[in-house]
Amino acid sequence: MSHSAKLVTRYTAPERVNHWFVTITFVMLAFSGLALFHPAFFFLTNLFGGGPWTRILHPFIGVVMFVSFMAFALRMLKYNHITPADKQWLARLPDIVRNHDDNLPEIGKYNIGQKYLFWTLIITIVLLLISGIVIWQPYFAPKFSIDMVRLAVLVHAFAAFVAIASIMVHVSAAIWVKGSVRAMTRGTVTAAWARHHHGQWYKEIAKGSGK
Amino acid sequence: MSMQSLDIQRRSATTTPSPDARQTLEVAKLIDVSKCIGCKACQSACMEWNDLRDEVGSNAGIYDNPRDLSDQSWTVMRFSEVEVQQGKLEWLIRKDGCMHCADPGCLKACPSPGAIVQYSNGIVDFHEENCIGCGYCITGCPFNVPRISQKDNKAYKCTLCSDRVAVGQEPACVKTCPTGAIVFGSKEDMIDHAQERIADLKERGYDNAGLYDPQGVGGTHVMYVLQHADQPELYHGLPKDPHISPMVGLWKGIAKPLMSFGLGLVALAGFFHYIKVGPKEVPEDEETES
Amino acid sequence: MTNHWVDIKNADLILIMGGNAAEAHPCGFKWVTEAKAQRKARLVVVDPRFTRSASVADYYAPIRAGSDIAFLGGVINYLLTHDKIQHEYVKAYTDATFVVREDYTFENGMFSGYNEAKRSYDKATWMYELDKDGYAISDPALQNPRCVFNLMKRHYARYTPEVVSNITGTPRDQFLKVCETIATCSAPNKVMTIMYALGWTQHSVGSQIIRTGAMLQLLLGNIGMAGGGMNALRGHSNIQGLTDLGLLSNLLPGYMTLPGEKETDFQTYLDKRALKPLRPGQMSYWQNYPKFHVSLMKAWFGDAATRENNFCFDWLPKLDKVHDVLQVFEDMNQGKMNGYFCQGFNPLASFPNKAKVGGALAKLKYLVIIDPLVTETSTFWENHGEFNDVDPAKIQTEVFRLPSTCFAEEDGSLVNSGRWLQWHYKGAEPPGEARGDNEIMAGLFTKLKELYKKEGGAFPDPILNLTWGYKIPHAPAAEELAREFNGKALADLTDAKDPAKVLVKAGEQLASFAQLRDDGSTACGCWIFSGSWTDKGNQMARRDSSDPSGLGNTLNWAWAWPVNRRVLYNRASLDPAGKPWDPQRKLIGWDGAKWGGTDVPDFKPDVPPGDPMNPFIMNPEGVARLFAIDKMAEGPFPEHYEPFETPIDTNPMHPGVISNPAARVFKGDMEAFGKAKEFPYVATTYRLTEHFHYWTKHARINAVLQPEQFIEIGEELAQAKGIKAGDKVKVRSNRGYIKAVAVVTKRIRALEVAGKKVHTVGVPIHWGFQGLAKNGFLTNTLTPVVGDANTQTPEFKAFLVDIEKV
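Chains as they are written, first to last, in the working numbering: chain A, 1 to 211; chain B, 1 to 290; chain C, 1 to 806.
The shape of chain A in the complex, shown without the other chains (with noise of 0.2 angstroms):
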């Protein structure tokens, strides 16, 4: 990569902040969740004080989390509607995952792995903000059946298993594609990236800045 390589913009700064907002949020979430999900991470409660004081931290960390996440995701929106050329893209996955990415077809500024997450996060994130209401003590789980109780730690347990483990794809990927990370610490992206990996995005703001 030349230093005179061209950067395009990827993502604003208030949309890093964002991100990384909800990130953080999400590692404290994940960690305070798992420490109370099996024994084997109980550990975890150290990080926050112990045990009550994740079982305090946990839900008002969640509703933080919620509203940044889902601050994050409006922005993303429109970005994220499911294209013919993503489940092109998507018959190429086998390849793809094996960095054989001759002639993948364009796609616009997200895959659609990236998409499944996203629609993945707002569905689990939506549930566990739910089912963690019903199960909020001392608030809230006293206001409701017991039954219903049991049937949201169990939805919230799914819910999050779902979440954590598409994050962990999350983080993978970034680690994986070069060029990422560098998207959502500086905001930008060479415009090689932006052509090999999301072509038709790179087409727009090509179009949309003049040249």
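No lab work stands behind these hints, which were simulated from the structure alone. None of these values were measured; they are calculated from a predicted model. Beta carbons are placed, not taken as given, at the ideal position from N, Cα and C, and that holds for glycine. One or more hints might be untrue.
Taking lysine-lysine and the DSS-like style, the derived pairs with C-alpha atoms no more than 25 angstroms apart in a straight line are [as the list claims (entries may be wrong)]:
#: 1; chain 1: B; residue 1: Lys280; chain 2: A; residue 2: Lys178
#: 2; chain 1: C; residue 1: Lys40; chain 2: B; residue 2: Lys202
#: 3; chain 1: C; residue 1: Lys739; chain 2: C; residue 2: Lys677
#: 4; chain 1: B; residue 1: Lys280; chain 2: A; residue 2: Lys6
#: 5; chain 1: B; residue 1: Lys202; chain 2: C; residue 2: Lys177
#: 6; chain 1: B; residue 1: Lys88; chain 2: C; residue 2: Lys177
Have a look at the derived ranges for each label pair, beta carbon to beta carbon [stated by the list, open to error]:
#: 7; chain 1: B; residue 1: Pro246; chain 2: A; residue 2: Lys207; range: 54 to 64 angstroms
#: 8; chain 1: B; residue 1: Ala267; chain 2: A; residue 2: Asp95; range: 16 to 26 angstroms
#: 9; chain 1: A; residue 1: Ala91; chain 2: B; residue 2: Pro246; range: 33 to 43 angstroms
#: 10; chain 1: B; residue 1: Ala267; chain 2: A; residue 2: Arg98; range: 13 to 23 angstroms
#: 11; chain 1: A; residue 1: Trp53; chain 2: B; residue 2: Thr15; range: 22 to 32 angstroms
Pulled from the structure, derived: some chain B residues nowhere near chain A, Cβ distances all over 12 angstroms [to be verified]:
#: 12; residue: Glu48
#: 13; residue: Glu55
#: 14; residue: Arg78
#: 15; residue: Ser80
#: 16; residue: Val82
#: 17; residue: Glu83
#: 18; residue: Gln85
#: 19; residue: Ala166
#: 20; residue: Lys175
#: 21; residue: Gln195
#: 22; residue: Ala199
#: 23; residue: Gly205
Given chain A's structure and the hints, the job is docking chains B and C onto it.
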């Protein structure tokens, strides 16, 4: 309340076995509803021994007071007026509280290591110093017993006076019961005693008298002699076939290890994928093209 | 109790009626569960409410409050018509064979000798026919139509199941089922016990209800038997001790009586009480009255009591009439009293018609309260809104409050229902300035004595000469008082047969009342307690629970009066030849020379079986009385009279005589009775197991267990009145109202009485305007002022109210 010197046989949120070299006698409390006069001496003794004082409440048009279990009331009498036989009124009075299940749902649901323990004698006890106040025990309990304190957000329930039992005494409620409706001893003896009581009740015309020791939770260490064992619901909704909710069973059963394992797998898959195929980089030619 | 708590376990059938043992006596009730569990005993409960006792009963029958005599009279009729009585027992041990005077009559609800102006009877005709020697005439063949048995049969023949059901509201089949069950106990080896309490006593015919129960037990041969008897469940831990020690206004200790105002002659006073036998060969134990009386006076006045001054007989007050608590408050209300000492007592809460009691207290110049708690009486002058709506500015009564100790803060003995004197030790120091009652009374006494000494006064002698030999004059110890009750020899007591032999040396404690003398050589504060603190020490403190017979007569546990006897009349548990009616339950036996056994024989120790002497040694006739002769105010046979507030405005037995004609009613109180037209529902007051009277509302735990005042009504009445469980309701009588939460229950049901549907309103007591429980109304705001004609116990168990939702 962790004042015991009893051997622990099971511990919440703990995946390895507890010390179980020593085996103590399995105990049980037997509550003979047919002998109970609802005097609430057991409630009083419970408050006295455990230093609990509930609020002075109000009357809601029933005899039950305090109206429900709470962090301050670990046992309450439940009064039910029923007519099982047409024209024959019965006032069934059941002492409600922790059943000390052999397979305790509370312990299964609890995420905090050692907040709930089961002693080798069968008593299920809460160690509030380890309680984080999440309320999962409530979801685990098929009898709706644990209560979270408004004051300290810890869960409380009957300890079966584990502190007394540990030093060879009977629980306070047993000690105080004036009619002998509550007795305490080895589970085996209690079952034998119950059989005598059931024979007596059958002779008095209660054909369906029986022992309530529900197997759905592995049996309990608090058992009832019921005049109508075929209809435990008559006794203020005592569940007929209690078991840990399947939702809790799924959540704390297979889901817990499986999902933890699943997350590990995802992490490993990501890592080894990277190791195998390496980073995805934009080809150099494309880079220079721009 | 003729028997005792533990003995209940020996019963085959337990009848709880006029009481709710499970509710008010949960600890004693354990013996009911024992009898059920170990002996397969059956429990029958007859009550206006399906009570906590009924919840564990084998059979329950409802009854309208205040109609118990009709019910029991019906049972007597059933037993007689079905020939279900213990014949041999009835013939030998009751007055069934005795012939009654010819001029005794019973017509239209009235016995012979009624004086309408005085509302009382001349009881001369209520007597056996006597022969020339003064002995009652007996007809063992029961042929004489005027023998007690035939009179009784005729009297109760009117109480047919239909009549009973019509009066009591008990469905006929349920009544008959109870009769059948009771009748099984006419077999000599089947025993019923009756447990009753204030549900029988608190009626204008309370004593007669109890008598009817006793007659029933005599007909079944159950008096004197283990597992039998008439068992009054006393409501305070030491209320038995209160009556034993003669704290009622007309009594002296040990059930001796004060002289009346016409009894100014000592010998006449004694003769009237030292009754000669009414049948040949009978013991008539009250012949010893002079010994008990003289010893009491020696205990009180010591050397001042001499033969010459009739042992201070003239110092005793002579009664013009009974000055029971109702009379006292009537006098107070009329402004005839200046001061009132109220010790361990809460009359504003405990006496009928709170408005009258409060009004009476307001007329006093001073009121002294001796109590561990802040009682309503002590604050009767405070305004507590609706609960006590008075104007303190208008009440001039000066109230002195002397805080006293509670039972756990002092040594002493408590007498339980089974007549056991059990010693207890102080468990804690009293708080603050509280002092023991002994100390408070002694302090007042020493001060008074000082004043009398200084100033003379109108009649100082009894005060100045009262024996007061306590180590600390202002604080007598419980031990000193107990020793005084037991009694001691004042001179060497010698054997009557061998004057050289000294039985008890001067100054020694007596072994029993058999050693008492009427010559002034013994002193005894309460003859029936003699034996409780002997030379062997404090017998009441004994705690050996060994029970060799298995019948529960633990003779080395505490001490029971009289002479440590556990089952009264136990000679009647054997036939005249000395053979036990039930060998399984043998209490005593003749060993060839004397009586002995696992209980203390209630008989002259050396009188062998076959002797004409009969087991009821306290009666001059030696047998038990089915015919009460002159002992009851309203007649020798119990008769059904309606409560003074009756829901049916008539008495189906005899419409001309509705309520007890011999009951005393004060002017003003008669006008305060309500009529069924305005107050259609029967109210009955009672206790709850969670509380003790007006005390435990001051205790947090009890307040938690039953926090708020409530009343109970049946579902039918609730529906008619639009009342739901938990609603606040107003219950009104002609004397006032209370407001409480409604408990709507299946346990109280409407009864068909005399063609009317009668509903019951249950009114638990226990709440007031002091304490930790939610404040409430004193229930005696509602109750009428009329007492039992014999004991003046107020009619708290049956009166009329109306109810509405507020």
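Hints breached by this structure: none
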